[in-house]
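Build the full structure now, drawing on both the sequences and the hints.
For the record, the sequence lines run as chains H, E, U and V.
Using the working numbering, read the first sequence as starting at 1352 and increasing by one per residue.
Using the working numbering, read the second sequence as starting at 1352 and increasing by one per residue.
Using the working numbering, read the third sequence as starting at 1352 and increasing by one per residue.
Using the working numbering, read the fourth sequence as starting at 1352 and increasing by one per residue.
It is worth saying that the hints were derived from the structure and are not from the lab.
Where hints are given, some of them may not hold.
Copies of the same chain look alike in the list, so a pair counts if it fits in one copy or across any two.
Below, a list of computed lysine to any residue pairs in the SDA-like style, where the Cα atoms sit at most 20 Å apart [unchecked claim]: (1) Lys1549 / Arg1672; (2) Lys1622 / Thr1659; (3) Lys1515 / Glu1539; (4) Lys1622 / Lys1654; (5) Lys1701 / Gly1569; (6) Lys1607 / Val1547; (7) Lys1400 / His1673; (8) Lys1607 / Gly1671; (9) Lys1701 / Pro1382; (10) Lys1549 / Ser1609; (11) Lys1546 / Asn1528; (12) Lys1654 / Ser1614; (13) Lys1540 / Pro1516; (14) Lys1701 / Ala1383; (15) Lys1546 / Ser1609; (16) Lys1701 / Gly1384; (17) Lys1701 / Ile1385; (18) Lys1701 / Pro1567; (19) Lys1701 / Ile1496; (20) Lys1550 / Lys1670; (21) Lys1701 / Ile1568; (22) Lys1607 / Lys1654; (23) Lys1426 / Phe1391; (24) Lys1607 / His1673; (25) Lys1622 / Ile1664.
4 protein chains.
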Amino acid sequence: MAGNTFGKLLKLTTFGESHGEALGGILDGCPAGITLDFEFIQAEMQRRKPGQSSIVTQRKEEDEVQFLSGIFEGKTTGTPIGFIIPNNNQKSDDYSHIKDTYRPSHADYVYEQKYGIRDYRGGGRSSARETASRVVGGAIAKQIISEIKINAFVSSVGEIFIDKPYQDLDFSKIESNAVRCPDLATAEKMENYIKVIKKQGDTIGGTITCVIQNVPIGLGEPVFDKLHAELGKAMLSINAVKGFEFGSGFCGAKMKGSEHNDSYNPDGTTKSNLSGGIQGGISNGMDIYFRVAFKPVATLIQKQEVLTNQGEIIEQQGKGRHDPCVVPRAVPIVEAMAALVIADYFLLNK
Amino acid sequence: MAGNTFGKLLKLTTFGESHGEALGGILDGCPAGITLDFEFIQAEMQRRKPGQSSIVTQRKEEDEVQFLSGIFEGKTTGTPIGFIIPNNNQKSDDYSHIKDTYRPSHADYVYEQKYGIRDYRGGGRSSARETASRVVGGAIAKQIISEIKINAFVSSVGEIFIDKPYQDLDFSKIESNAVRCPDLATAEKMENYIKVIKKQGDTIGGTITCVIQNVPIGLGEPVFDKLHAELGKAMLSINAVKGFEFGSGFCGAKMKGSEHNDSYNPDGTTKSNLSGGIQGGISNGMDIYFRVAFKPVATLIQKQEVLTNQGEIIEQQGKGRHDPCVVPRAVPIVEAMAALVIADYFLLNK
Amino acid sequence: MAGNTFGKLLKLTTFGESHGEALGGILDGCPAGITLDFEFIQAEMQRRKPGQSSIVTQRKEEDEVQFLSGIFEGKTTGTPIGFIIPNNNQKSDDYSHIKDTYRPSHADYVYEQKYGIRDYRGGGRSSARETASRVVGGAIAKQIISEIKINAFVSSVGEIFIDKPYQDLDFSKIESNAVRCPDLATAEKMENYIKVIKKQGDTIGGTITCVIQNVPIGLGEPVFDKLHAELGKAMLSINAVKGFEFGSGFCGAKMKGSEHNDSYNPDGTTKSNLSGGIQGGISNGMDIYFRVAFKPVATLIQKQEVLTNQGEIIEQQGKGRHDPCVVPRAVPIVEAMAALVIADYFLLNK
Amino acid sequence: MAGNTFGKLLKLTTFGESHGEALGGILDGCPAGITLDFEFIQAEMQRRKPGQSSIVTQRKEEDEVQFLSGIFEGKTTGTPIGFIIPNNNQKSDDYSHIKDTYRPSHADYVYEQKYGIRDYRGGGRSSARETASRVVGGAIAKQIISEIKINAFVSSVGEIFIDKPYQDLDFSKIESNAVRCPDLATAEKMENYIKVIKKQGDTIGGTITCVIQNVPIGLGEPVFDKLHAELGKAMLSINAVKGFEFGSGFCGAKMKGSEHNDSYNPDGTTKSNLSGGIQGGISNGMDIYFRVAFKPVATLIQKQEVLTNQGEIIEQQGKGRHDPCVVPRAVPIVEAMAALVIADYFLLNK
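Here's what the structure looks like:
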């Protein structure tokens, strides 16, 4: 129970089902005196919103954040920041077809088993819509650590991937295309591929790479709350995530120590950075970078077998909105969770 | 600060440096009335111990656990279980060569930067010796959830890997060989390769796969404390871990939804299990399985450049004990952390 | 930072300033499947509301709770319950007179010192209006532990006090009078006294006694989270509270052991109950009872010296709403916090 | 479960039964670089120890603290400080007489009901011996906040009390007498009274007053973690405590606002200090003072009725060690818990 709070000193608690009155949250522990950039917050919300381009779902969500407390004359006051994001269209859809059925690889079945009841409208609490509140928290967190730069981007879709180290990429290109891939040639391939997937009524997975730059040395709290452990938890808490690796990651497991060790420069920086900016669970001032794997979304516009609450298997035609590839939309969510973790450890380290 | 506690209802707090008087911990929240199997606990410690075979370090560690509280007439009493593991050889080694230097890809530098001081003897708190306390906690956790089966094994060393699904493996073979690989042909290759690495004074990374069976439905606390998110954090908190994936993992990111979705059987089980036993952050009763990536250990028996606390780069010959591949020894640690997570969520779900 | 969450498994996080858009909160960890009585919740809000009788402030507050999540078809779903209470009159008052001054025994000065900024309108976060969110949480908590009976009442105002043990009182009379004192003769004296105080533009303190009946044996988590320790913290977190005692309380400090010990009956109940239903931090099944001391409210309708932010002492005429005695209104708040504590430990003990 | 940790950034977790191998704990979150005064720590232990004077129990406890980690070359390293306090005499006493009986107003009955099992030797975990670990933590906490002065003393025993404000007392006299009362005339009366009580085989309660001076402005985290709320919880977690009041306390509940408000001086200090150094849950820089009520200890050297685990009431002669008044020995425990709270909030406020 009570798994809806994230963070230690900077705590984000969220609430909200996809088709309830509103989503929202409370960000507690935000330092006082920060002049918030509300346009930036709303712009971050816009990045997460569905229906932004031809490749993604066409559902209109307004996603307008209303701040209710913790801010006075434009500045944070140190008291908890309460906010809500009204669900404008919560009654428009028809969910009767999923009321009595459990869709494959959705959370329908486990929610009903665990709680004995579920809000079946659009996935309820397990909907990706829940992440809207995370983006609000992350957009404020970014302003707490304004000198630290966090950039996430889509590094692969299906089998298509960027074949370059992140250092060779121009992060300013991330938002220039619908798939949020800074390598434009790869972006085009991804976009075309997603259009094919969409026509098939199918979905496709992908990965996001996140790079955090200008991190102070010393963030992280061994032995259990190592910086990368908390980053990993943060990422794995995002819907559809199946894996997390930082620095050399799974490739590092194939390497020898003589290849993997990062030699020091006299100033304490390292020549290579297979460590991914974290050693012994503590940031060493080098770039932190990690990669997050997203499975394909479970909602298909195809016929699929579903389980009924009477224990029958029936065939059902998928309908409703359709995200052939949720990965581009997850980019601001990855950044938001990274910002929350880094800001929290930044405050812990003060 | 204060990052040395793991868990919510079942809390393990640990202390101890590799060369202090003793390591130890407190397991708080263990249910009362469990008749503990102390031989099992000591056997688990034995599995973690260095010096078990020709391929690993020869340092002798006794690793004898002494329980100080929380147990009466062989049973847990519901009060905190305090325990220590004395460091018998803590004064025998000579660490003067690392006192003023920071070894590449060790935590020396970041500890000194963060805390302004470090216990330089053998890595201090950042030593893998710290995990001995985790194994104690995990060995008790396993007894809390005695009907749930947790099996971890080495699934790859360097480029050598088991080329079979875990369902085709015989877990009873895991402890039959020095590398803890249940596929004996692969085990032999791994063992031979590690011997080569050892001769080179080098080290090699690898992966561990963990399978958790007979898990009740309903474990996991969305949205932030999803079961796999906490498992991920637990694994990433282990020394040298660079990545975590569960179910389809990073491969899932290359798949289509129509391939990835796990169709239901009428009884709620699923035909495939790409979900890895967890949907929406909640266990669905199918096997939970995940994979953990370990980088090669940083301590080499080779000449390496190190940074001095005067800001100079000097060459230093690595010496002391040498683990060419720490992955086999990490198997019981992976199991211990998995047991702690599962037991905690088990108690939360009651 | 981040001190706006209360509870372990049942967590209430609140936000809101007295003159912001809205107050509200998130109750996380509420078990699923409880059919909520919304009229009861609103009735509890009504009890806390100012302007209920001639003796208290005349400000109109609507205090209408809007639930935004966690409830589906009238039942709790196990997901977090988000709620808001709009501040309807937030712009009507004039607070310019306190913008640059710190009123004696208010939190103005310390908030400004701690945070460097404060929402000076009506006390901001330090206003008793904050407790509205607690009452919502408590009203739900009462429904989680519906078999446990919690009754609080005003046991003294100034020097006037009920001169009877609580066993001789009829709790059904508590709500029959404006001061919430079940002893009607004492109630009348209190009421008359408060009217005198009101005419003087002064305020008066008092105490609340709370009795919790039908508590299961075994609630409480030694050694730090003893049941009475958490009850004490809960009460001390309410505005204007200066003291807490349970069972024999401060009187017990004058007694001998031979007088104080509660002898057992064969069924495990005790003949006397100076322990106050808690022994060693764990409920023993007897009535839990405790007393809470409230200081007089600091806002007077009198001339008082105030400190300016320029470091000058000036005289200022108190104005605005005026609660001559906040104690009757605090009765539902005491009950709410007690309910939150008991429900939390009830869930922990399952 | 898991109620054996205290604190947020500075976390003390303790373990140990009165007659187990050892007591001990882990202090996590202690800042690095503090040169610890070990003689001071041992002297604090000595203050808590039984058998210090003719008025108290004669049991010999060595109470020697052994530090096992977190300290290197005399300085804290920022890693968790593990420590044990061996129980030297754990096998010498005969507890067969209480094995099957529940003594009145002890925790025997509730422990057995809650856990289904108890370590009946000397009270087990519910023994006051548990507080030894708190004194270790507190002695280190005092060194974290070395500029803040914490003085506790016995302010009443039974009906005998100090009839002076604390400002008129000389704290250097506290340790000059067996009852730890700085008013020597009152101390003598208390001491004589306790001797009478001892002869009767009876026990007597009392109160401790604690004064914290030189506190920085700004400690405390509203709304739930107000400074006095956490102080209250800390005190109420000590064995035998029945009440807590700070500043004007229960007397404040009898006062008018015009009497109770603390007028400011131009420098932000206040002329009076009925607030007790805390306003709105935040320290205002004035002295913090509070009072703690202790009931008489339940162990009498008299015949008493006890309950057997067969549901019979039998008469039993109390024996074993006998503390006629535990209050003097509780003085260092009150100080230790106060130090832990203040140090924690001090670190939170940095």
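Here's how the hints hold up against the structure:
When the C-alpha separation of Lys1549 and Arg1672 is checked against a cutoff of 20 Å, the pair qualifies only within one copy, where the shortest distance is 11 Å, while the shortest distance between copies is 56 Å. In this assembly of identical chains, Lys1622 and Thr1659 lie within 20 Å of each other by CA distance solely across copies; the values are 16 Å between and 58 Å within a copy. Within a single copy, Lys1515 and Glu1539 get their C-alpha atoms as close as 16 Å, which meets the 20 Å cut-off; across copies the closest is 36 Å, which misses it. With identical chains, the CA atoms of Lys1622 and Lys1654 are at most 20 Å apart between copies only, with a shortest distance of 17 Å across copies and 53 Å within one.
When the C-alpha separation of Lys1701 and Gly1569 is checked against a cutoff of 20 Å, the pair qualifies both within a copy, at 10 Å, and between copies, at 16 Å. Proximity of Lys1607 and Val1547 under a CA criterion of 20 Å is satisfied inter-copy only: 12 Å between copies versus 41 Å inside one chain copy. For the homomeric pair Lys1400 and His1673, the shortest alpha-carbon distance inside one copy (13 Å) is at most 20 Å, but the shortest distance between copies (47 Å) is not. Only between protomers do Lys1607 and Gly1671 lie at most 20 Å apart by alpha-carbon distance; the minimum there is 18 Å, versus 50 Å within a single protomer.
Within a single copy, Lys1701 and Pro1382 get their C-alpha atoms as close as 12 Å, and across copies as close as 11 Å, so both meet the 20 Å cut-off. Proximity of Lys1549 and Ser1609 under a CA criterion of 20 Å is satisfied inter-copy only: 12 Å between copies versus 46 Å inside one chain copy. For a Cα distance limit of 20 Å, the shortest separation of Lys1546 from Asn1528 inside one copy, 14 Å, qualifies, whereas the shortest one across copies, 50 Å, does not. Taking the closest pair of Cα atoms, Lys1654 and Ser1614 come within 20 Å of each other only across two copies (12 Å); inside a single copy the shortest separation is 55 Å, beyond that limit.
Taking the shortest alpha-carbon separations for Lys1540 and Pro1516, only the intra-copy value of 18 Å comes in at or below 20 Å, while the best inter-copy value is 32 Å. Taking the shortest alpha-carbon separations for Lys1701 and Ala1383, both the intra-copy value of 15 Å and the inter-copy value of 13 Å come in at or below 20 Å. Proximity of Lys1546 and Ser1609 under a CA criterion of 20 Å is satisfied inter-copy only: 16 Å between copies versus 44 Å inside one chain copy. For the homomeric pair Lys1701 and Gly1384, the shortest alpha-carbon distances inside one copy (16 Å) and between copies (15 Å) are both at most 20 Å.
Proximity of Lys1701 and Ile1385 under a CA criterion of 20 Å is satisfied in both settings, with 16 Å inside one chain copy and 17 Å between copies. For a Cα distance limit of 20 Å, the shortest separation of Lys1701 from Pro1567 qualifies both inside one copy, at 11 Å, and across copies, at 18 Å. When the C-alpha separation of Lys1701 and Ile1496 is checked against a cutoff of 20 Å, the pair qualifies both within a copy, at 12 Å, and between copies, at 17 Å. In this assembly of identical chains, Lys1550 and Lys1670 lie within 20 Å of each other by CA distance solely inside one copy; the values are 13 Å within and 61 Å between copies.
For a Cα distance limit of 20 Å, the shortest separation of Lys1701 from Ile1568 qualifies both inside one copy, at 12 Å, and across copies, at 18 Å. Taking the closest pair of Cα atoms, Lys1607 and Lys1654 come within 20 Å of each other only across two copies (15 Å); inside a single copy the shortest separation is 48 Å, beyond that limit. Taking CA atoms no more than 20 Å apart as the test, Lys1426 paired with Phe1391 passes inside one copy only; the shortest distance there is 14 Å, against 37 Å between copies. In the homo-oligomer, the alpha carbons of Lys1607 and His1673 lie at most 20 Å apart only across protomers (14 Å), although the nearest pairing inside one protomer, at 44 Å, exceeds that limit.
Taking CA atoms no more than 20 Å apart as the test, Lys1622 paired with Ile1664 passes between copies only; the shortest distance there is 12 Å, against 58 Å inside one copy.
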